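S.K.: Residue-level listing of the chains:
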Amino acid sequence: MTDVGPEERRRRRRLLLLVSPGVAWIVATYVLPTLLILLYSFLTPRLGGGVEWRVSLDAYRTLTAADARASLYNPYVTVLARSIVWAGFTTAICFVLALPVALYIHGRRTALGRYALLIAVMIPFWTSMLVRTYALRYLLANTGPLNGVLRWLGFEPITLLNSRIAVVIGLVYTALPFMILPLYAAVARVDPRVLEAGRDLGANGPQTFVRVFLPLVSAGTVVGCVLVFVLSASQYIVPTLLGGGKVNMIANLIELQFGDAFNWPLGSGIAIFFSALTLLGLSVVTAHRREAQLL
Amino acid sequence: MIATRPGGRLAVGISSAAVYLFLYLPVVVLVLFSFNGSRTASRWEGFTLDWYRELADNTRILQATRVSLVVAVVSTLGAVVLGTMLALGLERHRFRGQGVVRQIVYLPVIAPEIVTGVSLLAFFSLVIGWLNDVLGRSAADALRMGLPTVVVSHIAFNTAFVALVVRVSLANFDRAIEEAGQDLGASPWATFWRVTLPVIAPGVLGGALLAFSLSLDNFVITFFVAGPGGATLPIEIFGQLRRTIRPDINAVSSILFGVSTLALLLALGAQAAGERRARSRGPA
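Top line first, the protein sequences correspond to chains A and B. Reminder that position 272 of the first sequence reads as 272 in the working numbering, one-by-one numbering, no gaps. Count along the second sequence from 1, then add 295; that gives the number in the working numbering.
You may find that some hints are simply not true.
Said to hold, decoys possible - Residues on chain A that point at chain B, a partial pick, calculated with CB under 10 Å: (1) G113; (2) L277; (3) S283.
These are calculated hints, taken from the structure and not from any lab test. Nothing here was measured: the structure is a model prediction, and the numbers come from that model. Don't be surprised by glycine CBs; every beta carbon is placed ideally from N, CA and C.
My request is simple: use the sequences and hints to build the entire structure.
M.R.: Right, here's the structure in full:
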């Protein structure tokens with residue numbers, strides 16, 4: 001142990017007093033409960049909720065084994081795969097939609113114009129996801145305003161709600177701001193002279209875009225994609241309100257195990273798989289901290 | 296300018312306009328139809344305030360609003376204290392394990408809410424079960440999840456957001472004035488209250504407003520820890536709109552959206568004021 005003076009000891013005590021209450025609170029509510037469900041995933045379910053303190057690997061067996069009765073169709077794997085595929089689709093669609101917005105905001109001449117357009121993205125970023133998803137459901141409903149307008153124009157009404165398409169529309173709708181903000185942060189830092197240099201060296205427009213511009217915004221793209229992917233794959237509100245209970249994703253599966261199915265170990269196992277995915281995402285985001293700062 | 300050719304610029308403009316329309320159309324329609332005279336959503340039958348008036352008689356919504364306000368105010372106050380302290384520790388000191396602490400503070404920002412919700416459900420059930428055993432409570436007067444578990448959970452994620460927001464205003468802060476205060480004999484405690492806090496106050500206020508809005512809006516985590524007594528406004532809205540479509544749900548949703556938007560705009564205003572002040576005080 002190195003010898004430290006009284007000044008340094010006082011500094012350390014002050015630091016401990018400042019940091020420990022907040023860290024302890026987050027550890028108690030985020031780290032410990034996660035470790036607890038990691039433990040629960042290796043125990044036996046108890047009827048009515050909770051666990052029996054008896055070790056069992058059933059949760060992981062259920063997750064990995066194909067169910068012979070259902071002709072090798074494992075419903076858990078199906079929902080997991082569906083959530084990941086849809087989150088991937090959502091991420092790609094969000095990128096394609098967010099890039100022009102980031103470019104457009106960056107192209108405004110006045111700081112006020114840029115700021116106003118950014119705030120217009122931050123409002124859906126910060127306001128209630130439940131209210132926004134409900135608003136989308138209200139708009140798309142069979143007897144909703146969209147079909148009202150269609151009928152008024154003489155078209156056949158369309159049934160969108162409680163379908164896969166409605167869920168994917170909802171995932172994109174809720175996740176878009178999470179892609180636009182980090183992407184804008186990256187676009188704003190691109191030095192236009194580098195793009196000019198690319199053109200001077202003989203690259204045409206698309207070549208400059210793909211070979212010079214996209215690599216320059218790749219850090220912001222990574223942050224945006226991780227945020228959108230994690231958010232979308234774990235969505236509970238969107239599949240519940242727009243899928244009408246027919247189109248389930250991972251979160252519905254977890255909720256079911258902790259609710260009506262009373263299989264907490266299985267629910268914990270699925271949740272743990274998901275946390276592992278998220279920790280991976282966290283390490284990527286903290287590696288690109290500057291882009292995350294806009295959030 | 297990145298899109299240089301006029302054609303490219305036009306395409307960027309049109310697609311951006313479409314994205315903004317997509318982001319706002321559902322909410323604008325919802326707010327508009329909360330004033331619709333008709334009960335059916337597919338027809339517009341003139342302006343009315345009936346649905347807002349009906350809210351005053353919806354006792355469940357009123358009760359949930361009270362719960363929401365208590366949770367939001369208490370969790371914001373708790374988070375402002377814990378989060379500001381965390382920000383000061385992280386920004387003012389260099390120490391071993393700082394990276395780990397920073398990652399822990401980032402956890403509530405990135406953790407999927409569904410995982411947080413069910414793990415808190417498991418955690419609180421275990422702790423409350425132990426407490427009931429220790430206190431010898433019978434089934435009738437046993438402790439359950441409710442308002443306290445909701446407040447504890449909200450303080451956790453709000454602390455993280457306040458810490459992140461306050462760190463930004465501390466980073467823009469000219470440390471020379473703090474050192475000047477200490478050179479003039481002020482204790483660290485006095486320096487904080489008389490020098491540091493007045494300068495970072497806009498950042499703290501901004502963080503508080505964001506925390507208030509996050510708490511008011513949170514659904515997924517609250518859903519799992521609410522118990523019988525902790526049903527906040529989003530929980531009640533979710534329950535009611537699963538049963539029937541009632542126009543007064545549009546009204547209460549519009550109010551919730553409006554309050555969060557207002558809190559966000561005030562938070563951004565506070566931060567902008569803080570940045571202006573930091574710039575005018577600091578050396579060029």
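S.K.: Are there hints from earlier that the structure breaks, and if so, what are their numbers?
M.R.: Number 1 only.
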